[in-house]
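A.B. asks: One letter stands for each residue in the lines below.
2 protein chains.
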Amino acid sequence: MEYPSKLIEDAVNQIAKLPGIGKKTALRLVLHLIKDKSENTYALTDALVKLRGNIKFCSSCHNISDHDVCSICLSQRRDRSVICVVEDSKDVMAIENTAQFVGLYHVLGGVISPMNGIGPSELKIDSLVTRISAAQNEVKEIILALSPTMEGDTTAFYINRRIKDFTVKVSVIARGVPVGGDLEYADEITLGRSIAGRTLFQ
Amino acid sequence: MEYPSKLIEDAVNQIAKLPGIGKKTALRLVLHLIKDKSENTYALTDALVKLRGNIKFCSSCHNISDHDVCSICLSQRRDRSVICVVEDSKDVMAIENTAQFVGLYHVLGGVISPMNGIGPSELKIDSLVTRISAAQNEVKEIILALSPTMEGDTTAFYINRRIKDFTVKVSVIARGVPVGGDLEYADEITLGRSIAGRTLFQ
Numbered sequence: 001m002e003y004p005s006k007l008i009e010d011a012v013n014q015i016a017k018l019p020g021i022g023k024k025t026a027l028r029l030v031l032h033l034i035k036d037k038s039e040n041t042y043a044l045t046d047a048l049v050k051l052r053g054n055i056k057f058c059s060s061c062h063n064i065s066d067h068d069v070c071s072i073c074l075s076q077r078r079d080r081s082v083i084c085v086v087e088d089s090k091d092v093m094a095i096e097n098t099a100q101f102v103g104l105y106h107v108l109g110g111v112i113s114p115m116n117g118i119g120p121s122e123l124k125i126d127s128l129v130t131r132i133s134a135a136q137n138e139v140k141e142i143i144l145a146l147s148p149t150m151e152g153d154t155t156a157f158y159i160n161r162r163i164k165d166f167t168v169k170v171s172v173i174a175r176g177v178p179v180g181g182d183l184e185y186a187d188e189i190t191l192g193r194s195i196a197g198r199t200l201f202q
Numbered sequence: 203m204e205y206p207s208k209l210i211e212d213a214v215n216q217i218a219k220l221p222g223i224g225k226k227t228a229l230r231l232v233l234h235l236i237k238d239k240s241e242n243t244y245a246l247t248d249a250l251v252k253l254r255g256n257i258k259f260c261s262s263c264h265n266i267s268d269h270d271v272c273s274i275c276l277s278q279r280r281d282r283s284v285i286c287v288v289e290d291s292k293d294v295m296a297i298e299n300t301a302q303f304v305g306l307y308h309v310l311g312g313v314i315s316p317m318n319g320i321g322p323s324e325l326k327i328d329s330l331v332t333r334i335s336a337a338q339n340e341v342k343e344i345i346l347a348l349s350p351t352m353e354g355d356t357t358a359f360y361i362n363r364r365i366k367d368f369t370v371k372v373s374v375i376a377r378g379v380p381v382g383g384d385l386e387y388a389d390e391i392t393l394g395r396s397i398a399g400r401t402l403f404q
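Line by line, the protein sequences are chains A and B.
Position one of the first sequence corresponds to residue 1 (our numbering), numbered consecutively onward.
Position one of the second sequence corresponds to residue 203 (our numbering), numbered consecutively onward.
Honestly, the hints are just simulated from the structure, not real lab data.
Among the hints, erroneous ones may be present.
[What the hints assert, rightly or not] With a straight-line Cα cutoff of 20 Å, these simulated SDA-like cross-link-like pairs (lysine to any residue) come out:
no.: 1; chain 1: A; residue 1: K17; chain 2: B; residue 2: K326
no.: 2; chain 1: B; residue 1: K226; chain 2: A; residue 2: P19
no.: 3; chain 1: B; residue 1: K252; chain 2: A; residue 2: A16
no.: 4; chain 1: A; residue 1: K24; chain 2: A; residue 2: E39
no.: 5; chain 1: A; residue 1: K90; chain 2: B; residue 2: Q302
no.: 6; chain 1: B; residue 1: K258; chain 2: A; residue 2: K17
no.: 7; chain 1: A; residue 1: K37; chain 2: B; residue 2: E204
no.: 8; chain 1: A; residue 1: K35; chain 2: B; residue 2: E204
no.: 9; chain 1: B; residue 1: K225; chain 2: A; residue 2: K124
no.: 10; chain 1: B; residue 1: K326; chain 2: A; residue 2: D36
no.: 11; chain 1: B; residue 1: K226; chain 2: A; residue 2: K124
no.: 12; chain 1: A; residue 1: K35; chain 2: B; residue 2: D293
no.: 13; chain 1: B; residue 1: K225; chain 2: A; residue 2: A94
no.: 14; chain 1: B; residue 1: K226; chain 2: A; residue 2: K35
no.: 15; chain 1: A; residue 1: K37; chain 2: B; residue 2: K208
no.: 16; chain 1: B; residue 1: K208; chain 2: B; residue 2: G222
no.: 17; chain 1: B; residue 1: K252; chain 2: A; residue 2: I72
no.: 18; chain 1: A; residue 1: K124; chain 2: A; residue 2: T98
no.: 19; chain 1: B; residue 1: K208; chain 2: A; residue 2: I72
no.: 20; chain 1: B; residue 1: K292; chain 2: B; residue 2: E204
[Claimed, not checked] Across the chosen pairs, the derived CB separations fall in these ranges:
no.: 21; chain 1: A; residue 1: N54; chain 2: B; residue 2: I391; range: 51 to 61 Å
no.: 22; chain 1: A; residue 1: G20; chain 2: B; residue 2: I391; range: 16 to 26 Å
no.: 23; chain 1: B; residue 1: I375; chain 2: A; residue 2: H67; range: 41 to 51 Å
no.: 24; chain 1: A; residue 1: I173; chain 2: B; residue 2: T300; range: 46 to 56 Å
no.: 25; chain 1: B; residue 1: H269; chain 2: A; residue 2: G53; range: 31 to 41 Å
no.: 26; chain 1: B; residue 1: P380; chain 2: A; residue 2: N116; range: 52 to 62 Å
no.: 27; chain 1: A; residue 1: A135; chain 2: B; residue 2: N215; range: 52 to 62 Å
[Said to hold, decoys possible] Only some residues are given here: those of chain B computed to face chain A with a beta carbon under 8 Å:
no.: 28; residue: Y205
no.: 29; residue: D281
no.: 30; residue: S283
no.: 31; residue: V284
For glycine and all other residues, C-beta sits at the position ideal for the given N, C-alpha and C.
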């Protein structure tokens, strides 16, 4: 498509670099910004510049944070004996939303994926080992809450091997049929796992 | 949802103001920007700031332009006897893509819509009348290429009344079954119009 202005073209190309946004959507957004009040565009760009310039990560759990140590790691009301290991900050938000977990987190920043050139050293696994080793008497359980994919399983396997000498319990989140889902639509591996991992009816 | 950082929250809220983007998508984009190289975020915000600060509109046809008069209005290869009236710049791009039209454009900036508080004075209709009046011997035809909606029809009706004293032909783009579409899926109004507006088989 030919654009009536170089400015439009540049803006469209930049927006279309974002994941899940194509050129058509980008053009729609650009034309919206032009029609809208200019303050709104500046408020948007301002928020993004501040975000990218000032975002910090917790020095303990590596979650996104406004301070050097995040509010979860600082909180006195969290159970310091359990650490839940997740892929990224999105997972922390999702688990926090369940209100089912009161322990601490450890954000790896991804999973082991040789296809994408991500090995253990690209992730915060050493930091996890150091963290457990430094608080060996305090930490009782590590929950591995990684994606139920090949990469997630590989990462869980690797982490388990790295921390097997510590006296901590290592658990993984349950895999089974999703709540509210229909049995006939569950794939056979999930269904198989849900049978193998059955729990006592209470 | 609770965000781990005020910066994240602000950025998500700003992005979610864009049309068609909800908070979940906004969060996905924000987390992408944080993971991505910071240059990419700055390239994006830079393009948007430049866009909003420097965008110009053609003083003749009101299309988006890098200069005071757009390249279409300036071009010597365009047929100056036909003016195609459209709602916005997106339509100009769409019609240019068809390569079926070599005349000039006039961008109204919307259609008459009392529901949204848009009357004729909010649109570039006076400017269209002035333009035709100033070049009465040159302009032979006005093509109304507005959306086939109530608002589009109202606008077409209004423009037609405003310019009926000039000796220009006023036409509207054909309405009928879309090319490649299946007859049985066309709604009855469209199908009715396509029969009423039938043309000779050639």
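A.B. asks: Compare the structure with each hint and give your call.
C.D. replies: So, going through the hints one by one against the coordinates:
{"no.": "1", "hint": "K17(A) to K326(B)", "in the structure": "violated (34 Å)"}
{"no.": "2", "hint": "K226(B) to P19(A)", "in the structure": "holds (13 Å)"}
{"no.": "3", "hint": "K252(B) to A16(A)", "in the structure": "holds (17 Å)"}
{"no.": "4", "hint": "K24(A) to E39(A)", "in the structure": "violated (24 Å)"}
{"no.": "5", "hint": "K90(A) to Q302(B)", "in the structure": "violated (49 Å)"}
{"no.": "6", "hint": "K258(B) to K17(A)", "in the structure": "violated (25 Å)"}
{"no.": "7", "hint": "K37(A) to E204(B)", "in the structure": "violated (29 Å)"}
{"no.": "8", "hint": "K35(A) to E204(B)", "in the structure": "violated (32 Å)"}
{"no.": "9", "hint": "K225(B) to K124(A)", "in the structure": "violated (28 Å)"}
{"no.": "10", "hint": "K326(B) to D36(A)", "in the structure": "holds (17 Å)"}
{"no.": "11", "hint": "K226(B) to K124(A)", "in the structure": "violated (26 Å)"}
{"no.": "12", "hint": "K35(A) to D293(B)", "in the structure": "holds (15 Å)"}
{"no.": "13", "hint": "K225(B) to A94(A)", "in the structure": "holds (14 Å)"}
{"no.": "14", "hint": "K226(B) to K35(A)", "in the structure": "violated (25 Å)"}
{"no.": "15", "hint": "K37(A) to K208(B)", "in the structure": "violated (24 Å)"}
{"no.": "16", "hint": "K208(B) to G222(B)", "in the structure": "violated (23 Å)"}
{"no.": "17", "hint": "K252(B) to I72(A)", "in the structure": "violated (39 Å)"}
{"no.": "18", "hint": "K124(A) to T98(A)", "in the structure": "violated (24 Å)"}
{"no.": "19", "hint": "K208(B) to I72(A)", "in the structure": "holds (15 Å)"}
{"no.": "20", "hint": "K292(B) to E204(B)", "in the structure": "violated (37 Å)"}
{"no.": "21", "hint": "N54(A) to I391(B): 51 to 61 Å", "in the structure": "holds (55 Å)"}
{"no.": "22", "hint": "G20(A) to I391(B): 16 to 26 Å", "in the structure": "violated (35 Å)"}
{"no.": "23", "hint": "I375(B) to H67(A): 41 to 51 Å", "in the structure": "violated (59 Å)"}
{"no.": "24", "hint": "I173(A) to T300(B): 46 to 56 Å", "in the structure": "holds (54 Å)"}
{"no.": "25", "hint": "H269(B) to G53(A): 31 to 41 Å", "in the structure": "holds (34 Å)"}
{"no.": "26", "hint": "P380(B) to N116(A): 52 to 62 Å", "in the structure": "violated (42 Å)"}
{"no.": "27", "hint": "A135(A) to N215(B): 52 to 62 Å", "in the structure": "violated (37 Å)"}
{"no.": "28", "hint": "Y205", "in the structure": "holds (7 Å)"}
{"no.": "29", "hint": "D281", "in the structure": "violated (19 Å)"}
{"no.": "30", "hint": "S283", "in the structure": "violated (22 Å)"}
{"no.": "31", "hint": "V284", "in the structure": "violated (19 Å)"}
Against the hints set out earlier in the document, violations occur for numbers 1, 4, 5, 6, 7, 8, 9, 11, 14, 15, 16, 17, 18, 20, 22, 23, 26, 27, 29, 30 and 31.
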